[in-house]
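There are 6 protein chains.
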Amino acid sequence: MLLHLCTWPEVEAYLQESQGIILPIGSTEQHGPTGLIGTDAICAEIIAKGVGEATQALVGPTINVGMALHHTAFPGSMSLRPSTLILVIRDYLVSLSRAGFRQFFFINGHGGNVATLKAAFSEVYEAIADLQIPNGDRVQCQVNNWYMCGSVYRHAKELYGDQEGSHATPSEVAVTQFVYPEAIKQAPLSPEVGHGHPIYSAVDFRRNYPDGRMGSNPALATPEHGKEFYDLAVTELVESYRKFIGSSL
Amino acid sequence: MLLHLCTWPEVEAYLQESQGIILPIGSTEQHGPTGLIGTDAICAEIIAKGVGEATQALVGPTINVGMALHHTAFPGSMSLRPSTLILVIRDYLVSLSRAGFRQFFFINGHGGNVATLKAAFSEVYEAIADLQIPNGDRVQCQVNNWYMCGSVYRHAKELYGDQEGSHATPSEVAVTQFVYPEAIKQAPLSPEVGHGHPIYSAVDFRRNYPDGRMGSNPALATPEHGKEFYDLAVTELVESYRKFIGSSL
Amino acid sequence: MLLHLCTWPEVEAYLQESQGIILPIGSTEQHGPTGLIGTDAICAEIIAKGVGEATQALVGPTINVGMALHHTAFPGSMSLRPSTLILVIRDYLVSLSRAGFRQFFFINGHGGNVATLKAAFSEVYEAIADLQIPNGDRVQCQVNNWYMCGSVYRHAKELYGDQEGSHATPSEVAVTQFVYPEAIKQAPLSPEVGHGHPIYSAVDFRRNYPDGRMGSNPALATPEHGKEFYDLAVTELVESYRKFIGSSL
Amino acid sequence: MLLHLCTWPEVEAYLQESQGIILPIGSTEQHGPTGLIGTDAICAEIIAKGVGEATQALVGPTINVGMALHHTAFPGSMSLRPSTLILVIRDYLVSLSRAGFRQFFFINGHGGNVATLKAAFSEVYEAIADLQIPNGDRVQCQVNNWYMCGSVYRHAKELYGDQEGSHATPSEVAVTQFVYPEAIKQAPLSPEVGHGHPIYSAVDFRRNYPDGRMGSNPALATPEHGKEFYDLAVTELVESYRKFIGSSL
Amino acid sequence: MLLHLCTWPEVEAYLQESQGIILPIGSTEQHGPTGLIGTDAICAEIIAKGVGEATQALVGPTINVGMALHHTAFPGSMSLRPSTLILVIRDYLVSLSRAGFRQFFFINGHGGNVATLKAAFSEVYEAIADLQIPNGDRVQCQVNNWYMCGSVYRHAKELYGDQEGSHATPSEVAVTQFVYPEAIKQAPLSPEVGHGHPIYSAVDFRRNYPDGRMGSNPALATPEHGKEFYDLAVTELVESYRKFIGSSL
Amino acid sequence: MLLHLCTWPEVEAYLQESQGIILPIGSTEQHGPTGLIGTDAICAEIIAKGVGEATQALVGPTINVGMALHHTAFPGSMSLRPSTLILVIRDYLVSLSRAGFRQFFFINGHGGNVATLKAAFSEVYEAIADLQIPNGDRVQCQVNNWYMCGSVYRHAKELYGDQEGSHATPSEVAVTQFVYPEAIKQAPLSPEVGHGHPIYSAVDFRRNYPDGRMGSNPALATPEHGKEFYDLAVTELVESYRKFIGSSL
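Residue numbers (the working numbering), protein chains in the order written: chain A, 1 to 249; chain B, 1 to 249; chain C, 1 to 249; chain D, 1 to 249; chain E, 1 to 249; chain F, 1 to 249.
Pulled out of the complex, with its shape left as it was, chain A reads as follows:
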């Protein structure tokens, strides 16, 4: 159930049954010569939608632009600064908490978001206490990286081994191919690909990863793989969501 396709009376009714909501968060950043700039948002959104359908949980609007400062030396990448993203998360969750939501289940498509999201959660708990929102101490936030689901991770290793890499991976590219088969891109990929460098500044990142890939071979991706990853992630996150919601009982 997408929040965007609900009316407010429907949300009011929903809150009688559940105080949980799924919030997809992605990124708008380069994904190598063939990966879509929207990859992380596309993956998070479709999987969140799948989890929402299976659990009857409400799914909020996708945060399309996340923390991707290290990718901004490649054109088309967009990023919030961490301090801005913290404020965005704070404003989202304060709005929703005032209405009665208490359990925020983020489905995340981008590793660069994780640290800032976790920092934001701490900031939010404090803000909600400061605002004296009733039962605000019951607010719970959790970040779930779909690509870190055990089943997803294992399947990627099986299919791609070391060529999965860690950015512009065939697994995430596959999911976007499943969602947008009309947007499958072809481009020559250099046989050598940067890998193993820690992430520092944007300029340094591009120096180390000249075409944007981090140790990956996205040419291995297929839409069929994408469907498999999607199914695995949804199945596993449905379980996670149920456990998360149940934990507050």
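Hints were generated in silico from the structure; no laboratory data involved. Zero decoy hints are in this set.
Keeping only pairs whose Cα atoms sit at most 25 Å apart, straight-line, the calculated DSS-like set for lysine-lysine is:
hint	chain 1	residue 1	chain 2	residue 2
1	C	K185	D	K49
2	C	K49	C	K227
3	A	K185	B	K49
Use these hints to put chains B, C, D, E and F onto chain A, whose structure you have.
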């Protein structure tokens, strides 16, 4: 051309031809008993996509949550504070300006965003000067409210007269019906509807507009009307975009 | 009644009768070769004082420096960034709301302030809710641009036609001549004057408007005109203030 | 020479001769049962104007609302938070520094502003370095409290002894009587007056200083005294300004 | 070599040889009935000092108060909000980067700091780019949790098994006993101890962990163990530091 | 009693007896060719510890990095911006106030901190009111500069006369020699030393004070003097602390 469906080399190539980008901005807020919470984002996104297709312009990711604090007494509404939205716009445009974009054409679906957007533009020009981005003084931002297009406005008046109202309007509801016919909602609408009250605090807003509508009768909306509004808005904004882009020559 | 010329017990007594206050806001920015840098503040202040006298309303201190970033390529111009001005408005209104004021009637002398002021109002309503100020949901803010008063606007058109322009206008210059006849400036004005360019960065503004005027001919201004504009604005804003105050009954 | 009564070409010419500017800063806060709420702004403004006339220095717009949080338990008091005032000072001085001003001579009428002003100066030097304003390392700020001028201080002690007190003092009240003889207020003053309490929260302040005075007897003030204080302050600050300006040679 | 015990010419000389610096960061927070509130700062500081001695690296001042909002329902706990800690890290690293430091090796004693530190690093890289610090794109930050050193972790498991827990652990308590044998505390520990609960708000944390421990039995700690952990951590982090410094060659 | 060496139950018990806490604040900044970069933190910390021992008062963690922007043109200096330091103080005191602390006695070792600290206190009182912390209006903050203690000041004048200067003074250097005799530094000192220049930007500071000293001759310092200054400061501040604590009765 959706930025999310491009690769970074495609964006690099695009920038050789154009420094313009379309940025849809909506809101996540109550739209009365039958209007979708995502109405403003849905409308802005679909129209932006249409303008992008017609002009070959790049269309960035939709800002789904805008400035809707006055709607937050209704469950499901979400809002950034104006100060947060200013930072979001700043971060978006700094990222894009560093890559070479210079002309930012916002297609907006929510009246409550306008003041903050305009304030943000001023903040952005200054930030870009502070950062000494080359040719940063050439950055241009423009906000275009699709519902204020002359042709749209006139057509709404023709179809609905005074029942167009100013929030949860049949015209915007119609566009969402055109986009999501499967999500057309039915609910009884009181014959009387609040209208004419200025907008102050969220609590005051709900006091004056108890079901969320502002003088509107969304029951008049049809998907066919939605198609008409969509076509009118796209046609008119294509013209506006071309004029905007041309203005920097 | 100027707040600056009251004692606190007088304010305490006033609050028993009214919770309204008039707040003048101007700007400190270039107004062409002959216009005073303080034009917008001078006009807002004198008109606010006039409205206060006629209505027995309290008039707060003038905000002398507003949002004029686009004028800062001309020496003598000063500006707050929008984000700073929002904080200033917030702090002003929180101070006054805690004391019992509920209705804030801004008399504004500068178009560049409007968007930020409106954004600030939204931020203020939220802040006051956050702070749980008693009856804070009754706070009402309104911006009134004296130069947009119907009678003023019409009179300017009658007197000056197209030469009224939109910045360093003869009407606003006339008001300053009425207030400060000793500071009427003479300088040659180029027959051609920039007009019709949208406002972007400060550098771009000066490129398009090399002497600072926007389509105006301030040489048409006279102190007598200034008196007429003053009278028209005061008369019309007295009415607006009464209506505004009455609206909360 | 008041900045507000200059044109931008006049400022441009002035900057060829001097990079100094006088900035009056006051406060809007209770001054006991008979002192004007605008006392600190009125005094700073009139004295700054006098110094400007004697030195041909430019005088900027008065900062009417300063840091007076501890007075806000009395109605009519307004305050910026220190963090906001720092931003205001930053924005003022960045605007002026970009235009070429380098020496900022604040004439201050309120003790509560001093700490925040000094903190702001440090913030400004850093901001100007960050922005790489040419010769920005030559920027100099100085705060001058008119009431701390040796001659003023001594004269107040001669006239009033201990009854000068430290807030709502007869000396500052006298200056306002000199400026606004039409606004001399009468009210009974309790023979006992709070004194010697450190300043903490607003509530605590009012507990310790129930009528707002701090050890003072403003009933001793006369407009004639006000003239004397004005003359002393102007004379002494003229000297200070000349020394300040000369120090950069 | 402690920065605090150096002179500035010594630092100037050091920078000719190395651009690396070790920065200890801890926390000030409850550590159960017997753990010291300064545990995390004490451990980080002593280990950083040891690594500095072995590598001749400069060791900066300890950040004593970190991100511990979830502990603040226990008296004596202090915390920065994540947004504040980000600013602190930014200011530290901007100061040091301007002087020539490029490699920032944080030795961290508190799990709650990690997310905010990583977010801060991203913010810092961007800030340094914004400030155009020469070679700023070479800045590198790394967080090293001493308690996550493989050798430390294994030794703790050997000594304590499951009773190591995850907060107020015997291993960290042991290190403080080694450093401050005079401050070894005794108090009865309940046989049952909270464990396995995710961390949300401060109130929720205390509800789940009533005496502050998370699954740990700090009664097992001894000063001798502390010496062992200290030696293991220093040895391993010396290696990490050398590798980190070498990585920029 | 150092907070860092307490457990939370000990703090809980302490709060039954006292709501006071001593907070040392120093700086990390150049102190001339022979003074330690940590001088201000070292002095504040040791004296705070001494006062805490004599009064049984709790002593919080030392703020090692303060407001020293004007020293940052010398390598090894670190600084928070004033706006950041205000947030740090706010977060510290909000944490402690929530736990029940009400009296915050800062022992300060650096003149550059004073203005920002005082500004921060005002910000804190307001924040605590905003957060509606029970009895928050009883919060009291006081800054005590150990080097301004009458007895210390006089002794420095006796021992060093004018050569005490105002930065990198023999008195503060002496205290660090007393604490760290192993870190007494030798370096040639130019016979001439800058003095009398006001403090503006960092670059300007170094121009005027090329070796970092301000009118001082730290070669006069001895560890024995340091012991004397330490004793004088502790004795005097013990008295101040008792008076401060007693003031709230």
